[in-house]
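In order, the protein sequence lines correspond to chains A and B. Going by the working numbering, the first residue of the first sequence is number 36, and it counts up by one from there. Going by the working numbering, the first residue of the second sequence is number 48, and it counts up by one from there.
Keep in mind that the hints are not guaranteed to be accurate.
To be verified - Now the in silico label distances, taken between C-beta atoms and shown as ranges:
#: 1; chain 1: A; residue 1: H124; chain 2: B; residue 2: D295; range: 34 to 44 Å
#: 2; chain 1: B; residue 1: G343; chain 2: A; residue 2: G237; range: 28 to 38 Å
#: 3; chain 1: A; residue 1: H386; chain 2: B; residue 2: P944; range: 26 to 36 Å
#: 4; chain 1: B; residue 1: G133; chain 2: A; residue 2: S275; range: 54 to 64 Å
#: 5; chain 1: A; residue 1: G237; chain 2: B; residue 2: P160; range: 45 to 55 Å
#: 6; chain 1: A; residue 1: S275; chain 2: B; residue 2: E404; range: 29 to 39 Å
#: 7; chain 1: B; residue 1: P664; chain 2: A; residue 2: H386; range: 44 to 54 Å
#: 8; chain 1: A; residue 1: S275; chain 2: B; residue 2: D410; range: 30 to 40 Å
#: 9; chain 1: B; residue 1: M937; chain 2: A; residue 2: H124; range: 52 to 62 Å
FYI, nobody ran anything at the bench for these hints, they're computed from the structure. Even glycine gets a Cβ: it sits at the ideal position worked out from N, Cα and C.
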Amino acid sequence: MQVTGMLHGARLLRHVEFPTAEVLGPEATESEIQALIDRCGSVFVKPVFKGGVGKKGKAGLVGRAKDLKTALAEKERLYFAEHRHGNAHAKAHGVTFEGAVPAEHEVYLSITDSTVYRAPTMVITHMGGTAIEELDKELVAEVPFEALTGLKAFVVANALSDIGAPREIVSPLVQHLPKLWELVHHYGMTTLELNPIRMRPGRDGRLTPVACDFKCGFDRDDPRWHRLGMPEHLFAADYSDFEREINQLRTYQGQSDVFVINDAGTILAPTFGGGANSLVTEVLGDDAIISSDFGGNPPYEKMRDVASICFKHFLKQTNVLFIIGGKSNNTDIYETLRGMADALRDYFSKHGPTPLFVVIGRGGPNLVRGMGAFSDTLDSLGLPYRMFGFDSAISEVVNYAQQVDGWMKVGGRQQIAKSLGLDSAA
Amino acid sequence: MYRQGIEDFPYYVGVKSLADIARKGDRVCVLNILGGESRQVTPVSHIFSGGNVVFGTSPGRRGQVVKTVAGDIPVYNNVREGLNDGHKFNTGVVYLPPAGVRDGVAELVRVNPDLEKIIIITEKVAIHDAREIRAIGQANGIDIFGANCLGVADSWNRVRLGGALGGDHPEESLLKGSVAIYSNSGNFTTTIAQYLGIAGWGTTTLISSGKDVYIHYGAKEFAYALARDDRSKAAVMYVEPGGYYERDLDLTKPTVVCVVGRWKAKLTRAVGHAGAMAGSGDGAEAKEEWFKEKFGVNSLYTPDDPVCSERGAVVTNISHIPDALTAVMKMSGIGPDFESSGSLSLKAWVGNGQQLELPPEIDLKIVEAPAPYNEQIAALSRQIGATIPRQTMKDLSGASRMDPSTQITSVHGFSVLELSQKPLEANFALPLVHEIAGENDRALLDVAVAAEVNLVGDPVLAAAEAAREAGNAPNSVMAAAASIVGPGRVERALKASRALIDLFAHSGLLDPRDENFDLSMIEVDADTRALFLADPDDHDPRPEDMLAAVRNRGGKSVFLKLIEGFEGRLSRDGILAAIAMTIAWGPLMRKKISRLTAETLPWYLRLYGVMIGASIPARHHQHNSLCGIPRKERFEKWTMADLAFLAMTGKKPTAEQALPMQMLIGLLVSNGPGAISAQGAKGAVAADGPQTPGRVQINKCMVGFLTHSGYSHGGNGFEGMDFLLERFQSEDLKDPTDPDHGIDLRAMALEYARIYKKEKLEAKELGAGGPRALPGVHHPVFKGKPVNFDPRERFLAEYMEKRGDYNIFHKFYCEFVQALYDVGATRYVFCVNVDAIIASLLLAVLWTDFKSGELTKRDLETAAFTVFLYGRMIGAAAEIDDHLNRGKNMDTRTPAPDCGFVT
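Please take these sequences and the hints and turn them into a complete structure.
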């Protein structure tokens, strides 16, 4: 869950009273834009993206205007701009107009949890505005600090001194930067990056740090971000309908994490355990429809509901229903298999039969009871299956599921369809 | 700000050696000990470790205990209370929900000066809290494990702290040996231990580290403690992408590392392991490189390319770990800890190909599982037939359903339209075996039911006749008869059925029609034999004729063959049981039906016969003949449709007459579980209590169906016939099936349509609530279009047309709905509904006898009701069997709050 850009960033920063550039959103009127240009001399016009969009690949996606006509032209150019980088593709839906901030100094700041230090860590340099990976290490301070005491003034001061930052920016940064820790720690953020912070001269010559760009990430498991009152739709694009439905069942009783890998895949693999999830998703590749972890001993109803949702979205196209996990530590295999079997039976009652081969690989408490419950259901539905215990290598079971899928694709599915009395295998 | 522990670390680490991770002397306090997960896991840990949990906390539950065979664990409201009571502990285990974890950690630290370790099991701890937990642990000098982990274990010390490592039988996976395990996946910690065990490697210490962003006991700490543990000769690490924990590790002993998760680079969101989202530089491939460099190898270890050094190997597939470890250790001249047992190759424990043609690599043989699982699986397969879970079955049916858009009902997947085209006997077993009977089984069914129809000399007949003479409707007459056919009358047949199942269940018999089946291995003791033999004073002549009839019809049955080999005269019950089992065997073996259903099939067959017989007046039941037809002839040649026709008219039908009878009865089989007759059957089952199936009196359940039919439901078929009689009474109609009847149907239709329109207008003016309803036209669902059709009527009309069958009454109806519209009596053309076609068919069948005076109007009315009952008894059987198998006691009740009172 990420937020990029000043449209929302400025509002978030205002929660802790950190100075920001003046920002107008896509709905700004021409007179508002003109007034902003008058006040600031020029405006930056930037496309608004949902989610996280890195700096890389953004060249050409920022406009600058000294007059209204140019500003409006840039608005038109950038309103639906597209950004591609690696696997990520984002499309803008609007622009912001951000007042230019005159400054001699630009600062880069990020706060994130470092796994090197196992502590929240501030990265700061007075050579901001550029890609910091390319800077000389001596100009960048990477400073872990203690979470309970937080980002204290002296931490900031020491860091700036270590990198030889100009004297005039130290005091204003020391004054304002600790507020950012408040924002990160108490509002459920995992990372915050401001690049650049421009040091704006005031009437008395004192500099004020002004945030001119914003990027942050939130911790899905921390409800604190709700305090910020951000609109729901901000993160909605992250999820497909299927994922959203599953997330509604999200409780701490069992994981129910899902991710759609390939919505045209042919193996539906409800997986148990993060480790199994890793292995299975790796090996199945694009044959898999989802990557999932339903472990953690979900109760019967939850398992049945989760399975129902998976079936509703994907069972029709599925060749192999592949239920897989290692030897469970505490998940009751009987409850989980029974829940899934009942969901399968319900699906068949509602939607009629669909050709399917079922492969189960599992271990844990009540294993055989669970296998019995599932095999009864499959026998009464007339579906072929094989079930493996914990003494078969989980990777071999995954390979087997793939082999079955291969056979389904070259006629197996038709055979099963015929035996179920279906006209077509579709 | 941290307390200094081991000098070698710039942060606090307390534990020096892996041997100190889980010691015999560690004493444990479990926070939220009564939570769902802890309740199952803590007792196992406690017992395995020899009783190391001194107490647990659960607010408000002070005084409760967690019972275990290694001693009860007391529960307190909070940690301080437990300490005040004199308990001491050095290890805290946290099972609190995510929002409570940090405070739990703070409580442990603040209140217990002896605290050394905390293990956090909880998943989805907010990073905010993880930061603070780290800071608290560091400031106070506490080793923390987790979060989102399954704890730690020691196979030498036989101690397990925290979570469910090793599952519910840790002694099976935690075998003493020389390998330490460090795993980001809790599940796989146990799995890896098992895989190692199969390859002959035991374990020392196992650590489930979790895979959150903050891993409190990380790889560096593990490497350090590994070096200082004399027991551990090697290590296995299971590592996922994300985080720099494994960079620059100081591994001093041979280590196999499994790095999984290359695909995660594609993800934008964590699944399962919050920290396994790599940014850049800490992805799976980066980690592979770190370890390859450490071990001095330039590629991964795979069975095809076993690259390793004496320092270690890198794998990406968990099942390669044991072989890689063995290979690495071999380079230092060290062999496994013990004999390897078994392998990880595919062993299918349970499977069914459903008789499909599977290629050999898919069609894996079923293999015996290790003990004790093999016994459990054997017990499963000893179970015969389907197991159906019970649930409330009020207004629910697993047997019938009506498609709301077409109003067509299906029974076990067969629509009544399909059923109407099948021979009647094919439908009689459908409710129980869920399949349409083939030719062989139909022959058997004809004989079995025919043998029950003649009731001469039986009190059942007297009861039915008395009911008839008292003016009771056909359903009450049948009910009087059915009420008598209770448990005592079927006891032997049911016992015989059970015996057949017991004898053949594990014989390998799949096709009961295969008379070549080797019966020599079926041993039947004298008591069982006796179930099939007639008593010496039993003079019932039917058994011999039944057997002869089966033979002459070409019917085959292994069960009949078996009992025919018994010395002695067979009883009707025995033959009935053998026939019933022949029909039920296939679905039973294929687990499509339950054992209960197969066992009770004789009862239903007997009831069918008795009910049909009861509908025939007593004077027609004579010894050796029914309605003048000799028994041998009926047994050997007659079908169920013939019998039904005979019952209604006293005559044998021609082929042309039998077909409409078959169609009618098929159409009437069911109208879904909401029909009142179905409700009656279901309620009767519920009232007996299906959860104790032996108590349910199936004949009484049939009576439930019968009493819940009546002149409005089932008997209303006559209304359509009456309407037709009125229209045609002045016509000279000899043969309703002859298209050359010379009657102007259109004129007839218009004439009555005008009369009807007039009546309608008059009624409207008088406010008399409308003219009488027109039977056979219109339907609440099929309406509103300019011209409307009832799909069921259309289906039959097309079927008849294809056969070239003509029915004047049906044709009249078609003219009539058009005429109503043409004269302006209706706003659009009503449909001709299925009741019209039923009335038309039946009236055509009975027309000649009615015209000749052999049948009165009363007889027609009785016939319409009876035809309904013949069809619906099949549907009722389906609902009864379904509810008996699936329902719960009293489940058809309506709760009092849903009922109301009216004055």
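> At the C-beta level, are A:S275 and B:E404 separated by a distance inside 29 to 39 Å?
Replying inline: About 37 Å separates the Cβ atoms of A:S275 and B:E404, which means 29 to 39 Å holds.
> In this structure, is the beta-carbon distance linking A:H386 and B:P944 contained in 26 to 36 Å?
Replying inline: holds (34 Å)
> So does A:S275 sit 30 to 40 Å from B:D410, Cβ to Cβ?
Replying inline: Since A:S275 and B:D410 have Cβ atoms about 36 Å apart, the given range 30 to 40 Å holds.
> Holds or violated: 54 to 64 Å for the Cβ distance of B:G133 and A:S275?
Replying inline: 56 Å Cβ-Cβ, so the 54 to 64 Å window holds.
>> Verify the CB-CB distance for B:P664 and A:H386 against the hinted window 44 to 54 Å.
In response: holds (50 Å)
> Could one say that the CB atoms of B:G343 and A:G237 fall in the range 28 to 38 Å?
Replying inline: violated (60 Å)
> Is it true that B:M937 and A:H124 lie within 52 to 62 Å of each other by Cβ?
Replying inline: The hinted range 52 to 62 Å holds for B:M937 and A:H124, with Cβ atoms some 60 Å apart.
> Lying within 45 to 55 Å: is that true of the beta-carbon distance A:G237 to B:P160?
Replying inline: holds (53 Å)
> When you take the CB atoms of A:H124 and B:D295, is the distance between them in 34 to 44 Å?
Replying inline: holds (36 Å)
Hint violations for this structure: number 2 only, all remaining hints satisfied.
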